Structure formats: structure tokens, C-alpha cells
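Please arrange chain B on chain A, whose structure you already have, making use of the hints.
Number of protein chains: 2
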Amino acid sequence: MSPISIFFNRFHHHRRCCNLSPYLRKYISTCSQSEPIEVNLSHPIYMIWGSNTGVGKTLVSTGLANSVLSIPNSNHFNYIKPVQTGFPTDSDSRFVYNKVLEIFTQKKLLINLFAENHALRGSVSVAKEFFGFEIENCDGGLRELCWNEEKRIGGDVQEGRDFTSKLVCKMLYGWKEAISPHLAAERENAFVEDSLLLESLQKCLMYGVGDEVGVDKDLWTIIETAGGVASPGPSGTLQCDLYRPFRLPVVLVGDGRLGGISGTISAYESLKLRGYDIVAVILEDNGLINEVPLITYLQNRVPVLVLPSVPQDESNNLIEWFDESQDVFHSLKERMLDAHQQRVCRLQEMPKKARDIFWWPFTQHNLVPEETVTVIDSRLGENFAVHKIRKCEYITQQFDACASWWTQGPDATLQIELAREMGYATARYGHVMFPENAYEPALRCAELLLEGVGRGWASRTFFSDNGSTAIEIALKMAFRKFSYDHGVLKFPDENAVDKSFEFKVLALSGSYHGDTLGAMEVQAPSSYTGFLQQPWYRGRGLFLDPPTIFISSGCWDISLPKGLQSIKLKLEDTTFSSQSELFSESRESSDLAQSYSTYISQQLLLFSESEFSHLGALIIEPVIHAAGGMHMVDPLFQRLLVKECRSRKIPVIFDEVFTGFWRLGVESAAELLGCLPDIACFGKLMSGGVIPLAATLATESVFDAFKGDTKHMALLHGHSYSAHAMGCTAATKAIQWFKDPVRNRNINAEEKKLRELWDAKLVHEISSHPAVERVVALGTLIAIELCTEGNDTGYGSVYATSLVRKLREDGVYMRPLGNVVYLMCGPCTSPNVCSQLLRKLHREIDEFSRIKAKRLRSCSVELAHKTDLPTASVTTIALLLNG
Amino acid sequence: MSPISIFFNRFHHHRRCCNLSPYLRKYISTCSQSEPIEVNLSHPIYMIWGSNTGVGKTLVSTGLANSVLSIPNSNHFNYIKPVQTGFPTDSDSRFVYNKVLEIFTQKKLLINLFAENHALRGSVSVAKEFFGFEIENCDGGLRELCWNEEKRIGGDVQEGRDFTSKLVCKMLYGWKEAISPHLAAERENAFVEDSLLLESLQKCLMYGVGDEVGVDKDLWTIIETAGGVASPGPSGTLQCDLYRPFRLPVVLVGDGRLGGISGTISAYESLKLRGYDIVAVILEDNGLINEVPLITYLQNRVPVLVLPSVPQDESNNLIEWFDESQDVFHSLKERMLDAHQQRVCRLQEMPKKARDIFWWPFTQHNLVPEETVTVIDSRLGENFAVHKIRKCEYITQQFDACASWWTQGPDATLQIELAREMGYATARYGHVMFPENAYEPALRCAELLLEGVGRGWASRTFFSDNGSTAIEIALKMAFRKFSYDHGVLKFPDENAVDKSFEFKVLALSGSYHGDTLGAMEVQAPSSYTGFLQQPWYRGRGLFLDPPTIFISSGCWDISLPKGLQSIKLKLEDTTFSSQSELFSESRESSDLAQSYSTYISQQLLLFSESEFSHLGALIIEPVIHAAGGMHMVDPLFQRLLVKECRSRKIPVIFDEVFTGFWRLGVESAAELLGCLPDIACFGKLMSGGVIPLAATLATESVFDAFKGDTKHMALLHGHSYSAHAMGCTAATKAIQWFKDPVRNRNINAEEKKLRELWDAKLVHEISSHPAVERVVALGTLIAIELCTEGNDTGYGSVYATSLVRKLREDGVYMRPLGNVVYLMCGPCTSPNVCSQLLRKLHREIDEFSRIKAKRLRSCSVELAHKTDLPTASVTTIALLLNG
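So the sequence lines, in the order shown, correspond to chains A and B.
Converting from the first sequence to my numbering requires adding 1496 to each position, the first position being numbered 1.
Converting from the second sequence to my numbering requires adding 1496 to each position, the first position being numbered 1.
One chain only, chain A, in its complex shape (with noise of 0.2 angstroms):
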């Protein structure tokens, strides 16, 4: 009898879902809730992936499933199959059930075997056929069969005793016609999202973990693909994209067939540009001996392993085949839980050896004990992958709420396409250098920045590798520009200057420019400049404590430094109801504007008194001071900065390393300015935030002042990969991409700006809560201030080490920045994802500050208990001293 029609013989015998056992159950389920990718790392777990459909996956999911079993121990294997075609007559998990009792059973194993096999839903043609009857329409077409059958073979079994080992067979969806998946869900009408099929499929993974079964060390799960690796799944998204968000290990299928070899090398590089680690490579021999050239090729990457060729007799049961293939599937399988081992092992190591070895940066490493360092095994979009232990080990994610830095831009599509792209720039030009050259990598990058951020001043695109760079770069074309104009220089003649000429330039107190001397020298003395951080910085600049705006109890207001206070305020002047309010030109004609500009000459005039020096530029963060802690600086002032500094041929820089591409809502923040400088630095986010490149955007007259007859006048700085062609590639793409509407959801075309993607309600009541200094909520960034306790706060401060805890357990990666944390997506993310943030965020505010009030409480009363005073008046006392 083929195994087809034992198949329809058992089928006619289904259990009904009301007849489901309860272990069935929890792995059914309508999948309404959206629970974070997991990978338990208890046991192995791997994917089978064909080079090609009728390669022979499921011949080796049986041979894996009949070696881990016929070893004497309380084994326990799940096979999965997620999605099969040309059900029921096809059945790979049926097959694999069938097979492995079928071996079982005539090789006369002495090991008890309870054998189950499920077929979970299916399309109403699928149900139609197995139900013998007309059924509704449900669930965009797809229906559960709750079906399932089992079987136990072995040693003399008595009812609800423990078997020794146990096969689970399941098959997630099932379509009738025997052709892929995306187009048997058109033809049948029963469509899955890849969204639920994850859902389903993690649950699956779950099932026989943890405390169901107890810890079992010899479950083993595998998962067999359908067709070839880039062959679409249900919705139409290709199988390697759309099993990526579980990165699971892979054994490849190869193809031994005439073209096999070439088929097998390209699945793999499928596989590998998905970030797939390929643990073995095994494919049948068809006397074509293709193994040799691909061991040739994945030598050093990946072991190839032969299976003997299949008989094609179709009458043959392939119990001998199975048999002679035993030695090869037991080193598949030893190969697989070595690298399984390998993995966890690394993965355990890796805190340890990162404290040893590494040196990371503003980190002290006292402050970070072993078991807070974040191991990261992946990456996908906005989600990390990290490694934890809690009971048992496992894989999850988190949202990279900093956005790494403050660098990232793609989703999981954007990133999978720049993997290609980086493939095929280090393919086509790995690195070319620069000067007097030309390669499209950097035209392009070129001309798309001066058609984007640079349009309408800029026309001049210097690279270099970092905001750091960038700014260097930008000082050294401002003081020559200035040079230039103020006839500082008698051309060429660089000896003619006098020797006590000196340069500053105009910043803003809290601007941070980068981590070089140059850039240092730039910003007014914190933190990060004293003697014990860079004994050669002075601070070479006239650095004015700028206005700043936020947001508390939802309305957006004004605090003035110190030189300011004296104004009189009109409310119209210093809250506004929307941000719009806020960055009107309208505000230019306000007393408000009126004080800002006069108070920006007295200071202009007091320096050129008091200094001998020359403010050879204008430098300034446009509207937030990132580093300097998420400041929102009135854009007003900077408006006024910039127009009395261009009424005395001061250059002016934006460094918009920060704030370009998106990160504010708009693609440059000088479009919330509403003007424009003579250079303009870029970085993080400009390559989509893979790469490290920076580019410095300068107008033609600054260009202009860098030409002549000689080297000597041009502007002689460069790095080695300036412009290379990887970055430029990257950046290519991603500055596309996020304008581009079909890409970008988020981007409203007309106004060339990304919708609002933090809650109005929620930014309100955040900004409300009692524990909330203040807020900034701009672009794909918001920001809140903690109200401290004392002194604590600014850079230093650990105050919200607690709260930043609790959230890396509740799925968000943060970092702080001292008493200020930050939320962070890029520009494509879902308004969806920010709220469900945001939502989080505010739920663990919250907490916080119950656990910080219960702490002041629990001290009040011991003060008041020393003091003899009532405990509420000390904590009045205590709420008044730390305000």
C-alpha cells in the first residue's frame, strides 16, 4: 500500500476539533496577540532548506528524525512543516510519521515509540475534502482541521504511561493544488499573513519546552521549508525573508542533479545575504559527484555531506535506502548539535570575554557588571536579538529604542536590500580611492545629496567618515572662507597673517560637534572636555546659553537662560499649542524675536571688544542638542543667530549629523529653521545606518576659496576611504528610500515630511506625569526628563539605570542619557510600534516613580522618627530640597 492511500485510509478516522486533547489546543489558536519572536536554546532547533523543490528535504527531516530517535534515551523530535501544497494527497509530515514507524517497526527497534501526526488548518478546498462536506468561508479562507493521528509502537504499553520516545509530526497550513504556496492561496482563496504564521509557528516551537515535558536534553525541533529557498510563502514573501525574524540554523538541501552544483551554491548565498549561519550542506548523489566542487567551494565555511541515490522505483519503501543512509544522517545530526553547542557556548562566553578584551566607549567599565552586558545576536529592522537566560536560555528581541546610537533608518526590507547592495558594491568595487576619480557609487551619493539636504545653497560634497570628520572638515572650509572674504590672507601668501590672528567661533552652550580635538574645541566646556578627558582642549568659541522649548502637561513652552530672563514675556510669545505654532516664520515678528536679536548683538559686540580673537564661523546643532541631552533649542534664537552672523560674513555650519535624513520629521532640520547655511555637515543616518560615512556639503563660494595654482591652497584633508564606494552605496539606497512614498509609509509626499509618529493623547500624559520633567517629541524622537532627585542629574547621573532595566526586560533597548531617556524608531516605523512604546514607556515611568515615592515615604518616616516632626512635613521638606 503507497503511503497515499494509507494516508486517506486514517484520514476518514479525524478527530473533529471539538474532540481536541488539551495539549492540542494550546498550540491552536487564533493568533490575536502579537508576541515577541523567540528561540529557545535548550535544544536544537533547525530549518530545512531545499536548493530546490524535490531535492529531498523531507527525506532528510526522516533521516534526521529516525537518528535522533533510534538512539536508546528518552528522545523527543518535533518536526514542523509550516506551510504544504497539494494537500492532502501530499503530505510531507505525514510521510515522515508514516516512515520513521514504518523503519521502526521493521527494523524491530527496541525502543517505545508514540508517534503522533497533526494537520492543523487548511484551506476550504483542503477542509472541503477532509470533512466530505461544503464549510463556510472563515479566517481570510483558511480553516482548522484540528486533525490528528498517532500511533505507539514498542515494549508492552499501558495507558497514560511516559514513552520512552516520542515523535510529533504537524503541518501549520495546508493547500490543495500541488503549486507554491502564494499561488495556491490565490487560487483558493485562503490567505495567511506572515505575521500569524510566525505566531503559529512560535508556538509550535514552544510546545514540548520548558515545564510541559520537563526539561528533556534530547527534544530536538526541525522545520522543513517548502521549495526552494526564495520560494514564496503564502503571502507571496519569500520563505528566507519571511522565516528571518527567527534567524534559526540551517541544514541546505543541495542538489545533486546536472546544474545541482550551481543551484546549491546560489541557495546558500540566499541563505548567507539573509544572515543565515549554514551549519551543513547534504544533498544526494546522483553520479554527478557535485560534492566535490562544493566542498571545493565551502571549504572552510560549511561541511558537505553525500546520501547515497535515492531509488526511483516508486514501489521501493526506502527502508534500505534509510539504512544505508544511517552513518551519513548520524554525522548530519552530530554536526548539528555541535554547532548547536558551539553557539549556546559562545553565547555564554561572550559577556566575560567582551568585559576582558574590550574597550568601549563612554562606558565605565566598573559600572557594568558581567551579567548587564547585552549580548546580540542579531539584528532585523528595528529589533535586536538578544541573548538571555532566565530559566532556560533563549533568543529575543528587543526594540533598539537608542536606534544604535542614533544611527538607524531600515526596517527589515530596507536592511535585507542592503545586504544585496553591499554585496554587490564590495563585488564590484570593494574600495576605489577617491581623489581626481570618479565612480558611480559616489556621483550618485553626491547628486542625491545636493538634490535633497544640499538643494537649493549646497553644491559641493566633501566625504569623510563620521559626524567628527565632518565638522573638522567644516571648521577648516569656514576659517578659509572667512579668511577669504575678510581679507585675512593676502593670497597666497599664508606668512603674511599675522601671527597673533586667532580664530573662535559662535556655538551654543550644550551643542556637541564629535569626539576629535577640532570638534571638541568647538563646543563650551562639559563633561566630556575637562583635563582628565583631553588635556589639550581650551573651548575656542563664544558660546551663548541658547532658549530652550519642551513639552509639559501636553503644551509646548519656553525656558530662558539667564541673559534672557529679564525680558518681558507676552504668554503668545512663549506657549504654543502645536509645533507648527512653534516653527512658524510668524514668530520673527514678535517682541520675543525683537530681545533674542538684540540680545545676540550686545553679546557679538561684547566679545569684539573684550577679545582678540575672530569669530571665524557660526556653528550650531539645528533646533535639538543631541549629546548635550535632547534639548530642544527655540529655532527662533537659531533663525536670529543665523541672520546676524550672515550680516557680518560669519560662514555658517549646521551640523545636522544628528539631525538630518528624517530624524526630526524632515529630511533637513534647516527646513524647520527655514534657512540656510554655507555648510552643512551628515552622517548616522545618511547610510541608512550600516556604515560608518559622513559627508561635509559646502556652497560653491566656499569651494571658491580653496582654489589656485598650487596643492598647497587646497583644502589638504582626507581619509583613506573617503567616498568609498560601500558607504556611498548604502547611503544611495537609503536616502531613497525613506522619501519614497511607496517605500516609506510614513512619508506624506506632499509636504515632504514623515507623519506624526508618537500618540498626541500619550505624549500628553506622559508629559503630565508627576515624574516627568520634561518632553521633547519631534520626528521619530522623543525624549523625557526625569525629575531627579537632588543633584543628580546631567551626563554623570545613574538615576534612570533602574527604569532603563526594566525595560530592556520588557523588550526595549534603551540608554540613557543621565536623568534623560529617549525613544528612537526610524523613519519608516510604524506609528503602531510607537505607541506600543510609547504605551510601555509610560507604564514603567510610572512604576518607577510608585517605587521612588515608596522609597522618599519609607525615608521621611525614618527622618521624622529622628526628628520628632510629622512624617508629611519631612517629606515636604525632602520633595523641596531635591525640586
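No wet-lab data here; the hints were simulated from the structure.
One thing to keep in mind: the hints can contain errors.
Where chains are identical, the list cannot tell them apart; a pair therefore holds if satisfied intra-copy or between any two copies.
[Said to hold, decoys possible] Restricting the straight-line Cα-Cα distance to at most 25 angstroms, the calculated cross-link-like pairs of lysine to any residue (SDA-like) are: (1) Lys1995 / Arg2036; (2) Lys2235 / Ile1853; (3) Lys1848 / His1861; (4) Lys1884 / Pro2312; (5) Lys2248 / Gln1795; (6) Lys2058 / Tyr2095; (7) Lys2249 / Asn1796; (8) Lys1848 / Asn1862; (9) Lys2207 / Thr2297.
Please read all numbers here as calculations on a predicted model, not as lab measurements.
The following block gives chain B in isolation, referenced to the frame of chain A:
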């Protein structure tokens, strides 16, 4: 009569070699000499790839040929099948030839057509069948078949008259068995090396181009590959790797069968991972509408065309099918033509656009006319593929002799490996932030650094983006360490530091450490540091003039700076016959060593007596001052400097950004010096030359100076992409590759150094040339200072410009450092290639000096005429003046 039998009929009429027509002889060669790969851009040349075997590549080639030739015009279509197995039973070349003739005959097109079909070489088995008798094995088992057939159809044709249209089909190499070429080659014992195959192909590409047949506007060339994209060629090299040097644009024939979506996408990706441009995907309709997901997936990247289903009936002559497919092939042809023209237009406009919008580093734009801009289409291994216009436009190779500013290491194989690694790293990690985190690439890279260049001293890795930032970090580390050791700081109170306390560094004149302000401060005044470049530069160092070493007339010689010139020298102390003598530790006991030590001590004493500042660090580039003009510093002097500083507890920094990772023949130049630093900086080659990454390594005691209870004590320096996964992945791959004797044949595993790459005899000759001032040859570097006329030396010199231009014409891309020219290869470059380069350089220097001498002579004659002195005397005076 089936095509096969027609073939055999004709086969017996084949001509022997001796009867070859002259034009046939031209493209049959023994291919003994190595020609650079060139691709003509005057007409479309495409490569047809298949996503599997049997997907219809030859049908597509035929359809294209038909489409091109069917238009009444003087068209010329070349079809090339470089590798054919199953020959002569299968012959794709013959299929195209026959089928086009058949279509033309049947359709009675009013176009004259002259068609030829050639079979050039075959295995002995093939030849045996061809010639009908036993053939001796020759040429590695391959035999010239020199077989051709031809046919004329159309109007009234007279002998010798030019035919309107022409089809030339060629098979280059044939094997008898219908299996993968590598296997056929092995079984038939008939091998062809990759280089030979490429050369044969190159010759065929030249056929029909240019003068020979006149400029033919409608010339097309199509090359059809064998099997799938990653099917091995005859040598076993994957075809996608084999043909990469041409990087011809691609038409990918997709797979319309079940599983074909996956195969097509994976094939597409394998081609992208080799840097190919895919212009169109075309596939047969097999009723599975595979094109829909393909179009969705490939949208915005490449169009997908669908051919009608091919009749499976073997008796069908497909004429009807070709007729039905006509429009599709027409669209394909148009798309190919468009893509070709777009490519050429873009290449043409690039120099102007580049000059308009780039701001090149270290470049006086006024000195770069449009025609000197190098347009780089791609690179492979050490070679650029550049766009050139001579008689016609083409892409040609140039050896990248400045190693793209000293970054390059990969050969072609490593580059393609890195491409896959870069794709994988992007897909797995993108970028993840570093502080307090651990992830595999960063950890592995740090481990490899500490085991390799940091072995024996370093225990901490601080990552940054480029050499400049690595130096700024090193300085911060050194100053803190000094403060800690010398009690400058009353930890942790930095306010306790005496305000007048100032740090300087001890450094050597002529060394260069980067372009950011901090890095600039530690170099002596130079063209880079004046007011024109960096108004903030002060030069915070005690800069000693070092003794330098160079080869002159084949012998290593020392040149002492002023301060040391009073020393009495022994000849054995100052001349060396070999490198090993030069670096020998025994020199430490020489009189010269004594003099060096005394001199250093005196200088340090003088400094401490006359300055208020402290020397907080020693910073040196070990052995070679790179940007300073490729000067070799006497290693003995540097070793003694380190010794003197160590005894004074002055932290020692090695700037190995240039010298690290085999640049000087050893992994770390510290090995040459024979002493260790406290801090060392690495970059450039570290990441395999594809991506910016730098590292500052430090000892644990340096690290300890930053430990404390607060964040303020930590090293507050970092860049957004610190330890980015992609850079660390590239570095991990490259570091291991360079030192692996299996991968890198230049490695002498025992001695842990590179073998000698520069032919000693040639170096001797060059160093003896009258036009050459001095030579430095070490590791991957050979630098040659040219004798100049008058004061035209140093960085600003344009003395070498004409030499450099000539070399670029000669296939060597060079960029001089003033009057110093250099060749720089990678750690894996074959010594043969190095010798070829050196010979070219020698020849060009010779030519260059002859021209200069001629100019001098004519100038002398003129002067003699004016002054009435003998010409010889004038020449002598002129030479003395210029000397």
C-alpha cells in the same frame, strides 16, 4: 532531418587548420601572452546566464540574433559559446546558426544574410570524433578543431560582395560528455586554464570591432554561458567568478518551472554578489505565472519578460514559437540597447559631473582638467577597470599601484569572499551599538587583534573609524596614563590639576598621523599644518629629525640629520647589504647606537630645561614615514627612542595605521623594530581594504588609568559606528586570510613574514638609475624618489606628473607624493605581477629621464648660444644648480 543529423552531415566536410581563412586564424591563437582584459563599449556585448540548466538560454540567444538581424540594416551579430559539453551532439552555437538560417529561409526575409559557425577547440575525444582518427594529446589535452561552416541566403549574391547582415557563431572549447565542464575536462583529460579561456574570449570580443570591419553601428555580441550561474567552468572555477574580469552586463534567463522563482532569485543574487549588472530577466511561461512574484520582488531593479511556452514536441521546429516570441525578443533587445547606451552616456558624463560636484580631498581642483579624471567602472583584486576613450570607448585594466591610498589587501578571491561576508553581516546585524554590548564580529575581531598585532602586550581593543580618530584616542589614553603614573592628577579630582600644566608629545619630523586637529598637533610643521590649512595648529611636540635609510645603487645607506652629523661614523654602522642586517638587534651595541642614545637624552634634557610642558607620549610611525614621503627611519633610532621613553615612564604610541597588517612584510611593524608599544593604532588594511575601521590597542595598565567609580573617569570618546559589525566582519575575514599560507601564497608560515615581492636585481637597477635619488623597498612597498631639477621637491611638486600619466596609459594607476613615486601591492599579490610592474616602472623612468635630459640639452644649447659658452659647460652648470 533533425538539427543534429544536419550537423553531422556538415561535420564531415569540415576544413582542416591548414585551410583556414586568414580572418579565422586571427582569433585562433595559442594565447601565450597575457593581455589586459578590455571591453569595447562601441556596441552592446552581453552575457546570457541561466538560473539553471535547461531554462532556454540558447533559445534566448537565437531570439536575440533573429531580432537584431531581422531589421533591414547592415547588422552583425556575434554569438559566442565559450564552453560546450556534449559536443558535437549538442552544439548551442550550431543551434543558433541553423535556427536563424531556418527562420530567415522560411520567413523569406528580404535581407541578405551571411552566416558562419565555428568550432575552435575540443578535447581529444571530440577531435577523434571530428577527424575520424586517433589524435595525439597536446595543449593540455585540447586540440584545435578549426572547423567552420558558412551559408549565404538572400538576394542575388556575388562572390566577394559584402553581405548586408552577418551572423558569426563560435564555440571556443568543446568536450564530449554532456556533463558539467569541470567533470568533462577531468574525464576527458582536457583542461583549459581560466586565463587562457579569458584570453580566447577576449580575442573573440575584438573580432568585428573597429578598423577590421569598419565601424559597424549595429554590431552585437552575445556570450552564452554553460549551465547555471554558479556552475563550474572547465577548471572548476565557478563561471560567475570566471567571467568576472569582463563584468559584462547580464541577461538572466529565469526558470518558469515549479521551484523556478527561488532558482531565479538565487541566481540573480549570486550574480549581484559578484558585482554584475543584470539588465533583464526573461523566462518561459510554464503556466505557473512565476513572473508575478519575480516582478514584485525585483521591482525597481530589473524588468522581467515572459516568453510563450515552448512546445515540448521534439519534431516541432520552433519557427512558430520564435514568431510568437518576436515582440518579447524585440523588447528585450530594446532594453539591452537602452541599458548599454545609458551606461555609456553615464560613463561619458561622469568626469564633468564629478568635477562639478565633488570636493576631492588633497586635490587642487584647478590642476585637474576634465580629461585627467579617472572614471572607475569597477575593481577586481588589485585591478581597476577604468573607462578610456582612444579610437573608441572601452573599459580597460589598471593596476591600482597606490593600493587605493594604502588600504588594499584583497585579491580577486578574497574580494568575492568579502562580498558575501558583507552581505551576510548587513543581513544579520546591520549595525548594532557597541557600549556595554557584545556581538560576534566585534568580539572575534578584538580577539584576532589581540592574538595578532597586539600579541604579547595589548589586552584591550578600542574601535573607531579611521586612523585619525584612532590617534586622537591613543593620545587621550597616553595623557591619562602619564597623569596617572606621574601623579599629575589627584584622582579623581581633576580640578586639582595645575592650570598651567601642559602636555606635549615626543615625535619625529616627517611623521604624519592624520587630519583631525588632535592628530595634526603631534606632527611637525609642514604643508599640511599652515594657517591656510588649519589655523588652530600649534604643533604640540618636541620634533626630532630622524636618521633615514634608503637604497642607492643596490646598497642600504644611512642619511643623518643635522643634529647627528658631527658623529664619526664607521662604515659598517651605516651601510648594509641586506634588510636583515639593517633590522638586526646586534646594531644596538654599535657606536652609532651610543651616539643615538646620547643625542636623544640630550634633546630630552634640553626640552625639560627650556619648556614648562611635559612630554606625555612618544608617538612614532614604525620604520616608514608614509605620508611624509615614504622615508624609512633608521629602526635602531626608533628602538632607542622607545627605550629612553620607557625609562622615563612616557607612554609609547605606535601609529601602525599604515604599517600594520603586512604592509611592511610583517603583520605588525613592531616586529621589525623589535620593541613593543603601550598603545598602537591600526586601520587601512585591517578591514581588508573595503570599509573604514580603526582600532587603538592598549595594555591593561593603560586601561586601568580610566577605571573609577564614575562615568566621568571613563574614556568619554566614541563614534556612532564604533565597532560596526560590517567593519569587524571584514577585518575578521581579512586578518585571518592574510596570514593563512593556504589562502595567501606569499606567507612564509615559519618566519611569519611575506616573501620578497620586489625582484632584488630590478630594485638594484632602479636604485642605480641616474634619474633616481633613492629607493625604499620593504614588504608590499617600493618607493622611488626622483632626482628633481631645482627646488621642485616635496608634497606640492608636480615633477612626476608626466611620468604618472604615462604609467596610467601603461596600465598602472599611480598617484605620486610630490617627486616620490611608489608601487604598492597587497599582501597576496603574486611576485610575478610585482616584477611586471617594476619593469614597467623602470622602463618609464628611463624614458622620462631621457625626455628630461633632452629638454636640459636643448635648454643648454640655447643658453650656450646666448652666453657664448661651450654647451658642455652650460650643461654642467645647469646640472650643478639643479642637483
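Verification of the supplied hints:
1. When the C-alpha separation of Lys1995 and Arg2036 is checked against a cutoff of 25 angstroms, the pair qualifies both within a copy, at 17 angstroms, and between copies, at 17 angstroms.
2. In this homomeric assembly, Lys2235 and Ile1853 come within 25 angstroms of each other (Cα to Cα) only across copies, at 22 angstroms, whereas the closest approach inside a single copy is 41 angstroms.
3. With identical chains, the CA atoms of Lys1848 and His1861 are at most 25 angstroms apart within one copy only, with a shortest distance of 12 angstroms there and 52 angstroms across copies.
4. Taking the shortest Cα distances, Lys1884 and Pro2312 sit within 25 angstroms of each other inside one copy (21 angstroms), while across copies they are farther apart (54 angstroms).
5. For the identical chains of this complex, Lys2248 and Gln1795 are inter-copy neighbours only, at 23 angstroms across copies versus 50 angstroms inside a copy, given an alpha-carbon limit of 25 angstroms.
6. Taking the shortest Cα distances, Lys2058 and Tyr2095 sit within 25 angstroms of each other inside one copy (11 angstroms), while across copies they are farther apart (57 angstroms).
7. In this homomeric assembly, Lys2249 and Asn1796 come within 25 angstroms of each other (Cα to Cα) only across copies, at 23 angstroms, whereas the closest approach inside a single copy is 48 angstroms.
8. Only within a single protomer do Lys1848 and Asn1862 lie at most 25 angstroms apart by alpha-carbon distance; the minimum there is 13 angstroms, versus 55 angstroms between protomers.
9. In the homo-oligomer, the alpha carbons of Lys2207 and Thr2297 lie at most 25 angstroms apart only across protomers (13 angstroms), although the nearest pairing inside one protomer, at 53 angstroms, exceeds that limit.
The structure fails none of the hints (numbered hints given earlier).
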